[in-house]
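> All chains, full assembly: derive it from the sequences and hints.
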Amino acid sequence: MALSKKILSPLHTSLLSFSNRIVMAPMNRRRAMNGVPSDAMVNYYGQRASAGLIITDNTAIAANAIGYLNTPGIYNSQQRESWKKVIEAVHKRNGKIFVQLVHTGRIGHPLNHKDRMPLVAPSDYAANETILTSEGTYLPMPKPKVLSFEDTQELVQLFIHSAKNAMELGFDGVEIHAAHGFLIDQFLNPKSNNRTDSYGGNITNRSRFLMEIMEGVQASIGKERTGVRLSPFAEINGLSTYNEEFEAHQYITDELSKMDILYIHLSNIGSKENYSISTNYIQEVRKRFKNLLIVTGGYSPKSAEITLRNNLADLIGFGKPYISNPDLVERIRHNAPLAIPNKDTFYHGGENGYIDYPVLYDNDKLP
Numbered sequence: 001m002a003l004s005k006k007i008l009s010p011l012h013t014s015l016l017s018f019s020n021r022i023v024m025a026p027m028n029r030r031r032a033m034n035g036v037p038s039d040a041m042v043n044y045y046g047q048r049a050s051a052g053l054i055i056t057d058n059t060a061i062a063a064n065a066i067g068y069l070n071t072p073g074i075y076n077s078q079q080r081e082s083w084k085k086v087i088e089a090v091h092k093r094n095g096k097i098f099v100q101l102v103h104t105g106r107i108g109h110p111l112n113h114k115d116r117m118p119l120v121a122p123s124d125y126a127a128n129e130t131i132l133t134s135e136g137t138y139l140p141m142p143k144p145k146v147l148s149f150e151d152t153q154e155l156v157q158l159f160i161h162s163a164k165n166a167m168e169l170g171f172d173g174v175e176i177h178a179a180h181g182f183l184i185d186q187f188l189n190p191k192s193n194n195r196t197d198s199y200g201g202n203i204t205n206r207s208r209f210l211m212e213i214m215e216g217v218q219a220s221i222g223k224e225r226t227g228v229r230l231s232p233f234a235e236i237n238g239l240s241t242y243n244e245e246f247e248a249h250q251y252i253t254d255e256l257s258k259m260d261i262l263y264i265h266l267s268n269i270g271s272k273e274n275y276s277i278s279t280n281y282i283q284e285v286r287k288r289f290k291n292l293l294i295v296t297g298g299y300s301p302k303s304a305e306i307t308l309r310n311n312l313a314d315l316i317g318f319g320k321p322y323i324s325n326p327d328l329v330e331r332i333r334h335n336a337p338l339a340i341p342n343k344d345t346f347y348h349g350g351e352n353g354y355i356d357y358p359v360l361y362d363n364d365k366l367p
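Counting along the sequence shown from 1, when you hit position 295 you're at 295 in the numbering used here, and nothing is skipped either side.
Worth flagging that the hints you see were computed from the coordinates, not collected in a lab.
For each residue, glycine too, the CB sits at the ideal point set by N, CA and C.
Where hints are given, some of them may not hold.
As the list claims (entries may be wrong) - Across the chosen pairs, the derived CB separations fall in these ranges:
id : residue 1 : residue 2 : range
1  : S9        : K92       : 18 to 28 Å
2  : N335      : T133      : 36 to 46 Å
3  : G350      : Y251      : 38 to 48 Å
4  : E135      : D39       : 38 to 48 Å
5  : D115      : V359      : 41 to 51 Å
6  : D151      : K84       : 40 to 50 Å
7  : S4        : H348      : 38 to 48 Å
8  : N280      : K343      : 25 to 35 Å
9  : K114      : E168      : 19 to 29 Å
Quick look at the structure:
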């Protein structure tokens, strides 16, 4: 008799129940015109609600927190009302959905901000990247404005305020985006942070911004509603690896474990094709962090199952497979082949390549 698939088994915490171990990973699909979640997004998330957990597109906490065009926000009433429709669509199908909160920092361009507000960052290093702007052209990301000590503390409060708003809307929880070279990651990395105040220098100081956010968020919405995404060793959005990064992330993991938050989400992506987080590092996090661990990036249903059975993670995130397989859970259940996504429709546009991928198994009609 074949073993049942662990990836399809439920997972329970004292507050939340996940129907399986499959996570729809956060992907910035850029379908939110003017930062407002669209009707297509309601359909998109609803189609994929059979995932054990959905984590939304990265969602801006302020008008100048946006990096890429047409990414959603949660900082005005129109955005929040639209998110309610998304939440309702997922909950109607008994799904769970966390919002991922982000400030992109130096990743962006003033042309993509209301009133052309400047980019901000811990230090005045530009990202050395280009970005599509509202004028339809790709331009270099300019040098950011350095955040003052007071600015930094205000942003901590803005993350906390946004998390409270998210829970009032009905989200099941919040993931803080501390990965992929965005603002929090810019504080963590000494190659983008040369501050001399209490937010710069050693890893205790460089991680202070993250820890103040996490402490405030979990105190405000509950530790079992709070997660964080990290991307150690990734080379992305102008950031690269640095000496003692392994030791730095050991410290970060230990501090997050003390807070007793729900999960750490390790993102296994980067600019290099051969980039991956080593099994040794994942084991190190597993040893140091006592709660749930999500790993995302390059997993197939088979490798995900092996990872779970080897107790390297509690849940597995899927990104690209969820673009083209709204019924991913059932395809995994029935060992069905996975559809290949069309890279040309990953970003921007309307319904094409977004909500028109066919399903083999209609979740609404399954017994």
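> Run every hint past the structure and note whether it holds.
Do the hints match the structure? See the list:
1. The hinted window of 18 to 28 Å between S9 and K92 holds, with their beta carbons roughly 24 Å apart.
2. The beta-carbon spacing between N335 and T133, approximately 45 Å, falls within the hinted interval of 36 to 46 Å.
3. Checked against the hint of 38 to 48 Å, the pair G350 and Y251 passes, with Cβ atoms roughly 45 Å apart.
4. Look at E135 against D39: about 27 Å separates their beta carbons, and that is not inside 38 to 48 Å.
5. The beta-carbon spacing between D115 and V359, approximately 43 Å, falls within the hinted interval of 41 to 51 Å.
6. Taking the beta carbon of each, D151 and K84 are about 31 Å apart, not inside 40 to 50 Å as hinted.
7. The hinted window of 38 to 48 Å between S4 and H348 holds, with their beta carbons roughly 41 Å apart.
8. N280 and K343 have their C-beta atoms about 32 Å apart, which keeps the hinted 25 to 35 Å range intact.
9. Checked against the given bound of 19 to 29 Å, the beta carbons of K114 and E168, roughly 24 Å apart, stay inside it.
The structure shown violates the earlier hints numbered 4, 6.
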